[in-house]
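Chain by chain, the residues:
There are 2 protein chains.
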Amino acid sequence: MEIMNKPSAPTPRTQVKRVAEYASYDAALLHAIVDSAYVCHIAFGDANGSHCIPTACWRLGEHLYIHGSNGSRMLKRLQEQECCVTITHVDGLVLARSAFNHSMNYRSAMIYGRFEAVDEAHKRVAMEAFMEHIVPGRQAEIRAGNDKEYAATTVMRIALAEAACKTRKGPPNDDAEDMDIPVWTGVLPLVTTHGAPIVEEGCTLPTPAYVTAWNA
Amino acid sequence: MEIMNKPSAPTPRTQVKRVAEYASYDAALLHAIVDSAYVCHIAFGDANGSHCIPTACWRLGEHLYIHGSNGSRMLKRLQEQECCVTITHVDGLVLARSAFNHSMNYRSAMIYGRFEAVDEAHKRVAMEAFMEHIVPGRQAEIRAGNDKEYAATTVMRIALAEAACKTRKGPPNDDAEDMDIPVWTGVLPLVTTHGAPIVEEGCTLPTPAYVTAWNA
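Going down the list, the sequences are from chains P and F.
For the first sequence, the UniProt record's numbering assigns the number 1 to the initial residue and increments by one for each residue that follows.
For the second sequence, the UniProt record's numbering assigns the number 1 to the initial residue and increments by one for each residue that follows.
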């Protein structure tokens, strides 16, 4: 396995202990993992215990952004406490000669810290970056958010400062004494692909280039 | 949207409050979401705060299972506290006429409760079910786990009892006053697909049927 591994000051929370050779603190890898994601999972706690909530995310510079209704429980709690944001891409099933050496290929990132709400001016910049992340080129064609919509929405960001990536790629790692077991070994890849666009019933408008290109 | 919705006693932790019409407490939907997953995210806390850890998961009956090394911090903590397990499948980007009505189609499940370690006999049953979940039919061809491997491994399960699903599918929901905006609307699907199997270098054994079928 060729794992990117350029440690840069892990903290007690981001020091990977299990299978530490899969760990990386490389900013380019972290950016790539975040940019490949539509959704992250956020862990936080309250009087009812720990919660793990999936929510849409995107990156702008050195921050990961989320948004939601002003009334969201999670967004309120995240302003009061540190949390952990995790993104995981599963890339394949790794088929080894022994049951216990089976594994998965994956790219994951964990980010620790505290979210901060962004101000009104930055809210618009951030939400336009979100649209550009989701569907590049669409922003100019739709109705932009109005004052009422922005006023009802909280946009928050967390610095990509205290973070660690963990990745695995490549073939299985079998034990030396298992190498003569006569079984097929390799990787069954899992790939997130783009399906054929589904036009809304009744929509007769021309298909924009970014939709045609979606699964070209 | 046709959302399955057969409420069956949500608890304070599983009562969905935001966009509650997307919520479901249907066991068949919960099973389907878990069975489609290779990985879940688990939220728990310790002296360093909240953590959100991705880990492989599978279902056997009315429990979700995970496994790991006996030394795993997470597995130790999960025996001492309640946690939240979340699975999310992102199915598509929903393109509406206004920026704020853009959405995603998804299937997600949240499970609350406490994991319990399973005993030695059940450990083997559970790990064989895991292999059958990952690669059906492979169990008989590989070297099964030996006593040393099982002794070093903890298998835990959490009841699928206190759980909620939240799903969205279908076209965008636009505001009435936006319906004349001349922009293409619909869904850009995201699909997890099976890539061509990658045989390990040097493996010259026949390809088993379950590998050939992977991306047939």
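Misleading hints may appear alongside valid ones.
Unchecked claim - Stretches of chain P that chain F covers, calculated by requiring three or more beta carbons in the stretch to come under 8 angstroms of a beta carbon on chain F: (1) 90–101; (2) 115–125.
Stated by the list, open to error - Just a sample of chain P residues kept apart from chain F, beta carbon distances all over 12 angstroms, derived: (3) Cys52; (4) Glu62; (5) Ala109; (6) Glu128; (7) Glu149; (8) Ala159; (9) Leu160; (10) Thr204.
Said to hold, decoys possible - What follows is a set of in silico ranges between Cβ atoms, one per label pair, in the way DEER data are often shown: (11) F:Asp175 with P:Glu120: 17 to 27 angstroms; (12) F:Gly61 with P:Gly137: 21 to 31 angstroms; (13) P:Pro12 with F:Pro182: 49 to 59 angstroms; (14) F:His31 with P:Ala152: 15 to 25 angstroms.
The hints are simulated quantities; they were obtained by calculation from the structure and are not laboratory data.
By construction, the Cβ of each residue, glycine as well, lies at the ideal position given by its N, Cα and C atoms.
Next item on the list: Beyond 12 angstroms from every chain F Cβ: check whether that's true for Glu62 of chain P.
Entry: holds (20 angstroms)
Check: Is it correct that the beta-carbon of Ala109 of chain P has no partner in chain F closer than or equal to 12 angstroms?
Finding: violated (10 angstroms)
Item checked: Claimed coverage, the region 90–101 of chain P by chain F - three or more beta carbons nearer than 8 angstroms -> This one holds; 9 residues, not fewer than the three required, reach chain F with a Cβ under 8 angstroms.
Item checked: Status of Leu160 of chain P, Cβ more than 12 angstroms from any chain F Cβ -> holds (15 angstroms)
Note to self: Please check whether the beta-carbon of Ala159 of chain P is more than 12 angstroms away from every beta-carbon in chain F.
What the structure shows: holds (15 angstroms)
Next item on the list: Hey, is Cys52 of chain P genuinely clear of chain F, shortest beta carbon separation above 12 angstroms?
Entry: With a cut-off of 12 angstroms, Cys52 of chain P comes too close to chain F, as the shortest Cβ separation is near 3 angstroms.
Notebook entry, point to check: Do the beta carbons of Pro12 of chain P and Pro182 of chain F sit within 49 to 59 angstroms of each other?
Noted result: holds (55 angstroms)
Item checked: Assertion that chain F covers the region 115–125 of chain P - criterion: three or more residues, beta-carbon distance below 8 angstroms -> violated (count 0)
Next item on the list: State, for the Cβ atoms of His31 of chain F and Ala152 of chain P, whether the hinted interval 15 to 25 angstroms holds or is violated.
Entry: violated (36 angstroms)
Checklist line | Asp175 of chain F paired with Glu120 of chain P, Cβ distance criterion 17 to 27 angstroms | finding: holds (22 angstroms)
Checklist line | Minimum Cβ-Cβ distance from Glu149 of chain P to chain F exceeds 12 angstroms | finding: violated (4 angstroms)
Notebook entry, point to check: Would the least Cβ to Cβ distance between Thr204 of chain P and chain F come out above 12 angstroms?
Noted result: Answer for Thr204 of chain P: violated, closest chain F Cβ roughly 10 angstroms.
Hint violations for this structure: numbers 2, 3, 5, 6, 7, 10, 12, 14, all remaining hints satisfied.
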